[in-house]
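2 protein chains.
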Amino acid sequence: MSRYIFYHVEDLDNYIIRFFEKLGVSHADAAIASDVLLAADLRGVESHGLIRLHTYYGSRLQNGTIDPASPISIVKETPATLLLDGGKGLGQVVAHTAMTRAIEKAEQTGVAIVSVRNSNHYGIAGYYAMMALPHDMIGISFTNAQPLVAPTHGRTPLLGTNPIAVAVPSATQRPFVLDMATSIVPIGKITVYDKAKKEIPAGWGIDKSGEVTQSPAEVLNGGALLPLGGTELLRGYKGYGLAMMVDIFSGVLSGAAFGGDVGRPRENKGANVGHFFAAIKIDAFRPLDEFKQDMDALLLQMKNAPKAGGEERIYIHGEKEFELAEYHRQQGVPLMDEVVKSLKEAGEKIGVEFNLHPMSEKEGSEL
Amino acid sequence: MSRYIFYHVEDLDNYIIRFFEKLGVSHADAAIASDVLLAADLRGVESHGLIRLHTYYGSRLQNGTIDPASPISIVKETPATLLLDGGKGLGQVVAHTAMTRAIEKAEQTGVAIVSVRNSNHYGIAGYYAMMALPHDMIGISFTNAQPLVAPTHGRTPLLGTNPIAVAVPSATQRPFVLDMATSIVPIGKITVYDKAKKEIPAGWGIDKSGEVTQSPAEVLNGGALLPLGGTELLRGYKGYGLAMMVDIFSGVLSGAAFGGDVGRPRENKGANVGHFFAAIKIDAFRPLDEFKQDMDALLLQMKNAPKAGGEERIYIHGEKEFELAEYHRQQGVPLMDEVVKSLKEAGEKIGVEFNLHPMSEKEGSEL
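Protein chains in written order, with numbering that gives the first Met the number 0: chain U, 0 to 366; chain W, 0 to 366.
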């Protein structure tokens, strides 16, 4: 069990912006980075939220492996395609710029794709895919990441958890927002089980010899995560293939690092993370209202379908996260007490006091 | 065990073309459809090859649910986007036309996407993705399909095995060709186990109440396939999300059928299958030789990585299939004796004799 402390989202936003500004980030860029980080905590993806403010972004801004100016430059551009160099900038700022450009270009050309080199961890992939929604476009966002996943028949981590995010607007239903790691679980999930001294389900990870293990410590110490699908019997090579696809679009197409060479957060060098974004203008294909009505029909087919024994609800991708975000906007964003402690310490060191008033506190399980 | 009879690929090609021509298909279109069907058998994807020549294509050409003229028409077009109506044509002909157009357009615009409505089963998705390779492009191919897969927490089939195919050129290595159903296994795999009276591995499918079952008969009779990932514990909702993504791009974006409404092969009505294709010109981003060298490096990172205990080889996606295709081109394409029998019967009925000389015969297991 952990203790969770709930803070008002606007208070946290203010704090994060001040934190980034103190480390040399402009107000506008700090606001973007804060919005992406908070979106993760709001949506219940704690592993990609404030827990990383100091441990990843702050420490890398301080050691110079992230450039606070995020000096993004154009490497190559055509009306429908764009290759950006992120200039070792903040991943969120680089990705926000890239997706903004993808949307602007797709407004003209119907479809546009943007690949990005020389960036850093960009937070939740779904944030950028969702940027397309107010423009009545389909949004796509991929990124490669530090190696944690073993290829099928391998035993060492050579691929990131390389997420795939796709956001699609609908009429009266919430939009479809798929935002999935191509591994079964993120590494943070293994860490949580390790701390709780609990066994992990068979299939999530392997030990250093490549055997499936239920020991989280064996996964963390020389083992690896398994790709979606798990073992060969359940077709884990498909998850391995999806992770490769994301790496090709993000790393190889852009000229960023790829495979086992993507920088690990703890390494004191540029990570050279690669991203990929796409925007598709729906009315380049069909009248928007027809498309949205059909999206509603598809989503309702799933939601209204007969349930398996013991199940009460079939979810659409993103639905749980939208509901959680609404709840957290009203009731506060939950942060583990140890996250709050490290935020306070990190803030003190650079002279940005974490003096926020909690809305409430609660015990809860991370498992 | 089944008996396999091996035929020369050119003899089979001749027969298939004559078969299609007899049913009113032009020589050029018959040659395309034959090439796609044979690509499946050559690559070891028997379920999508000659086994369907009569059972799917022939029977539907005869009952009028496939139009032998494949009267494809443009619904909407911009420089980088295209929506086609397949005119109830042969899926292979429609898809070949669509991917050809995607490649032509991407030559001009760097990226192009084509969505297709009113088509039929198009064979292996990877065929069309691979069409991009000689043009030094990345190719993408999706299709929706008859409902066989249950959404997570559901118990009825509402989504197709909706494949994702992505082909990427490299320098000295074979290209990366991911061609994967978004279910764990195709329905044909369950049928094979049912015929062999063998249990299926836990996770492949569910019975009519939504419980995981090892009985292939229970999956076939009122049950459903599970999406990649399987149960919720191993994140089957990600496979469910990928199947939805494919259906949105193929069915909803094009205005084809989607979800549970995609036509089943045995229904005597137009299937209204939807497809999606994309082509990305690599040198719109990076010099081609740099990209291809990096692809080699990524593929070799995987292939040369330390192996899990008991494993001798890490495969790249498509590698096994390329090797099989080369072997089958030399040694003959294997057809199960019962497939040969049904081809002979179907041919006799329409006056196209299956009088090919086998190269060899062999006993083999389908499991």
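These aren't lab readings, by the way, just hints derived from the structure by calculation. Keep in mind that this is a model prediction, so the values were computed, not measured. Ideal Cβ placement from N, Cα and C applies to all residues, glycine included. Errors might be hidden in some of the hints.
Per the computed footprint, the stretches of chain W lying under chain U, defined by three or more beta-carbons under 8 Å from a beta-carbon of chain U, are [as the list claims (entries may be wrong)]:
#1 47-59
#2 103-111
#3 148-158
#4 204-217
To see whether the hints hold, each was checked on the structure:
1. 47-59: violated (count 0)
2. 103-111: holds (count 4)
3. 148-158: holds (count 8)
4. 204-217: n = 4 at 8 Å, threshold three: holds.
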